[in-house]
Amino acid sequence: MWDYCGHSLETARLRGATYADVRVMHMRQRDLTTKNGQVGTLGQSESIGLGIRVVANGAWGFASTDQLTREGVALCAAQAVAIAKASALAKKETVRLAPEGSYIDSWQGPCQKDPFEIPLETQLDLLLAADAAMRKIKGVTLTETDLQFRKIDSWFASSSGSKIHQRRVLSGCGIAATSFKGDAIQKRSYPNSFGGQHILGGYELVESLELLKHAPVIAEQSVTLHDAAQCPEKTGTLILGGSQLGLQIHESVGHPIELDRVLGQEANFAGTSFLTLDKLNHLQYASPIVNVVADARISHGPGLGSFAYDDEGVPAQCIEVIKDGAFRGYLSSRETAHLVGLNRSGGTMRTEGWNRLPMIRMTNVSLLPGTWTPANLIADTDDGVFMETNRSWSIDDRRYQFQFSTEIAWEIRGGKKVRMLKNPSYSGITTEFWNSCDAICDADHWVLWGTPNCGKGQPMQTMGTGHGAAPARFRNVKIGTAFSNE
Amino acid sequence: MSAKSTKRGSAGFGKAAAATQLRPERELRGIIDTVFRLAKARGIPEIEVHVEEVIDALTRFANNAIHQHVAEHGVVVSIRTALNGRTARVTTNRLDEDAFRAALDDCLSLAASQPKDPLLLAMPGKQKYRAVQRFVPATASFTAEERARAVKGACEIAERRGQVAAGMFSTGQSQTLQGNSRGLFACYRQTQAEFSVTMQHGSATSWAKANSADARQFDPQALAGTAGEKADRAQNPIELAPGRFTVILEPAAVVDLVGFLFYDFSATAVRDKRSCLSERMGKPLFGKNITLTDDVCHPEQLGMPFDGEGLPRQRVLLVDRGIPQNLVYSRRSAKLARTKPTGHGFALPNEFGEAPMNLVFGGGNSSLPEMIASTERGLLVTRLWYIREVDPYEKIMTGMTRDGLFLVEKGKVGPAVRNFRFNQSILEMLRNVELLGPSHRATAEESFEMVVPPMKIANFQCSEVTKF
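In order, the protein sequences belong to chains A and B. Residue 418 in the working numbering is what sits at position 418 of the first sequence, and the numbering runs on without skipping anything. Convert by adding 1000 to the 1-based position in the second sequence; the result is the number in the working numbering.
Because the hints were derived from the structure by calculation, they are not lab data. It is possible that some hints are incorrect.
[Claimed, not checked] Heads up, simulated PhoX-like pairs for lysine-lysine below, C-alpha to C-alpha not over 20 angstroms straight-line:
| no. | chain 1 | residue 1 | chain 2 | residue 2 |
| --- | --- | --- | --- | --- |
| 1 | A | Lys136 | A | Lys234 |
| 2 | A | Lys181 | B | Lys1273 |
| 3 | A | Lys136 | B | Lys1283 |
| 4 | B | Lys1283 | A | Lys422 |
| 5 | A | Lys213 | A | Lys138 |
| 6 | A | Lys92 | B | Lys1040 |
| 7 | A | Lys279 | A | Lys323 |
| 8 | A | Lys91 | A | Lys234 |
| 9 | A | Lys138 | A | Lys92 |
| 10 | B | Lys1412 | A | Lys138 |
| 11 | B | Lys1126 | A | Lys91 |
| 12 | A | Lys181 | B | Lys1283 |
| 13 | A | Lys279 | B | Lys1467 |
| 14 | B | Lys1152 | B | Lys1040 |
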């Protein structure tokens, strides 16, 4: 692989590139699903190829190929340089990259049990058993289970001398029960919706989830929800479970801090951000108990945003995003770092695959734990709603106004969960919401949740991001708006 | 990958700047034959092979300059085996015999690990397809330099207007071949071009987009001009209280909303009781002015005229004057329903079954200006954003307006309005359509391209307002 990297870099140099970096990536994937007791998807795929990014005439060009021959990668490199020269027809400024060291390294992420080595029969038996456990509950009309595994090897080399090999194994697992009755469809998922939990790691994730224990519980809840009270429409106290809070962080902190959005580079598609440059170090983003980091280091946990180096060869870092409620930092790249006074990239450039350009992406954007336990938090709440497991999510293109709904909620009265509520939802304005946070649970209840489906860019790239969160409480939140008929 | 100079390529950018060419069909058919031969040697009785080649290039711009500019070329081979009531699929982009042998072995191994499926059907035999011509050589030969010059033109328009342009211009070509061991063979080629632009005037924005097999069918500078003019009018938005409004949805807004209905017309979704059409087929559900078909051969549609098993896609009348009449069926769901497949199945194995992918809405005779002139008070909506399903059976969708929301008063377009969040049932919405315009191919960001009309709709629920 290094030969292909070196040959393409050399070709780019000879064609006039002043900088180039190249990624050869080999990606293997396995997907298994069941539905109503039968195997649904059963597939495996692999993809290998090379993508090269160059600066020529002061502008960017990128090309990719699956032709891993010396001739193939040379043609690809030449095409990237030609594209860069075409880009220079409509450039305003010459590309400027923050300085970065060169690294020669090989790194492998954590993986106790390689999922590709676990017998398929074992995997399918587990899914079918969980599926059967959900179907035993009367009133359940649809059962689904899901396993996803990926193994990604990448070889990165740059014209400044880096040569970095990384291997990342990613695993995901989830189950869901749906109940159709009368004029409503209710669904419950475990451990999270939209495919479950996802980590940088192996089959140990699946074994830790205890699917067979949780399957009948969520199945029962999907049926019981039909008879639950409708979540009321009011302004009040909201407690969010960890996985829902993870998505809240993703949408209302993670995306607004992407510097490419802030600079208008995503204005046509993913949108911009209310976090204009003047707000850095000046905005009270959240209440003083809120601390958020973007931490790609493996020491933060086995998240979908954990790695050793990003896809432009910058070592993983921990960026302080919100410190004691104050806005402190963006996600940056080598090209954008100097625009916010940084002398180095924050190391957040990531690519979906060999045929996609690296772009600024979330790493593990996490809310650091507080001091409460969930039991204390509920006991301390006189009148509130506890919402769990995302059902829908939406936020405007500058990341101010959001609305989420969840699969299930619980009414809290006098410090106790008193009854189940159906069709819960809440909405708000990002900074008002985060400034209303008055309690965060502790490290014992903090989970690094994986969001595997973050879409951004054109052509669209899907990226996995991590979001550490423990249950937290917010005051004066608009609740129930999604189902209002006013 | 082969690089080819075209008559459009300028000498200054050289051979590698020109568009590359799809491989000859016979070369990809040779891949299918090779896999068949290797499968036969392994005693595999039934095999299906898909080969897909994609050449795409995309130029992105922001702040009146190109900031991303990419190209890709790849071939993917996907193999499905069926043996003793068990099937599985393995996909690779390595095109040598060793890779195909490994893929076949993996396929057999995956399939053998599962219980026998009593409903697994034998692969279909040879089929006949309607011919569609959607490959435009002028699009296929588009170069990086041509896209860059078009983008530069759009950026210059923005600068002349004191605005900032962001957007993208993509051109590409693809071919898909399918064959199976029972003699089925299908192939399809198409080109595709797309231009999208957002014009920003201060904090005001507007947007325009076009998509076609033929890059000559739209004018990037004209689209930039349209968006630019609208961005001027979008300045200084007023804030209105949330509530129910008459809305005039431009075609892009219609596409993104009604696009969320497509999977509800899947027979598998109805059987699984996760469709909003469960127990509602054959009953009045929408207004009598709503008629919806799926028609891959419509002259303004793109896409393969066959499905994931190689069956020809048929024209299906989904909704007839407000009444959902028909679903689409894969071979499996058709057998379960004791009817005929419609050619809308996804590649097997999968749990989702099928879906209509080429929706065509019946239109009307009202032009957009006529809709505006007939409105006492309402909102003109350019596009929508971040639409998600809140309630799957009532089909309540939430999302935001974006890039140009205007008050309509006394038959005229008035000031810009701060963007709203909506929570609106699509079922209710399609009962409240007051006027329809002519239907044409439209494109947006959250759904497939469709043939849709602009719509004037009463009582559209705007729930909350944002800060811009």
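Status of each hint after checking the structure:
1. A/Lys136 with A/Lys234: violated (37 angstroms)
2. A/Lys181 with B/Lys1273: Holds, because 9 angstroms separates the two Cα atoms, which is no more than 20 angstroms.
3. A/Lys136 with B/Lys1283: violated (33 angstroms)
4. B/Lys1283 with A/Lys422: Distance ~28 angstroms between lysine 1283 of chain B and lysine 422 of chain A Cα, so the pair is violated.
5. A/Lys213 with A/Lys138: It holds: about 17 angstroms lies between the C-alpha atoms, which stays within 20 angstroms.
6. A/Lys92 with B/Lys1040: violated (59 angstroms)
7. A/Lys279 with A/Lys323: holds (14 angstroms)
8. A/Lys91 with A/Lys234: violated (51 angstroms)
9. A/Lys138 with A/Lys92: With a Cα-Cα distance of about 65 angstroms, the restraint between lysine 138 of chain A and lysine 92 of chain A is violated, given a limit of 20 angstroms.
10. B/Lys1412 with A/Lys138: violated (57 angstroms)
11. B/Lys1126 with A/Lys91: violated (53 angstroms)
12. A/Lys181 with B/Lys1283: Within the cut-off at roughly 18 angstroms; holds.
13. A/Lys279 with B/Lys1467: holds (16 angstroms)
14. B/Lys1152 with B/Lys1040: The given pair, whose Cα atoms are some 55 angstroms apart, is violated under the 20 angstroms limit.
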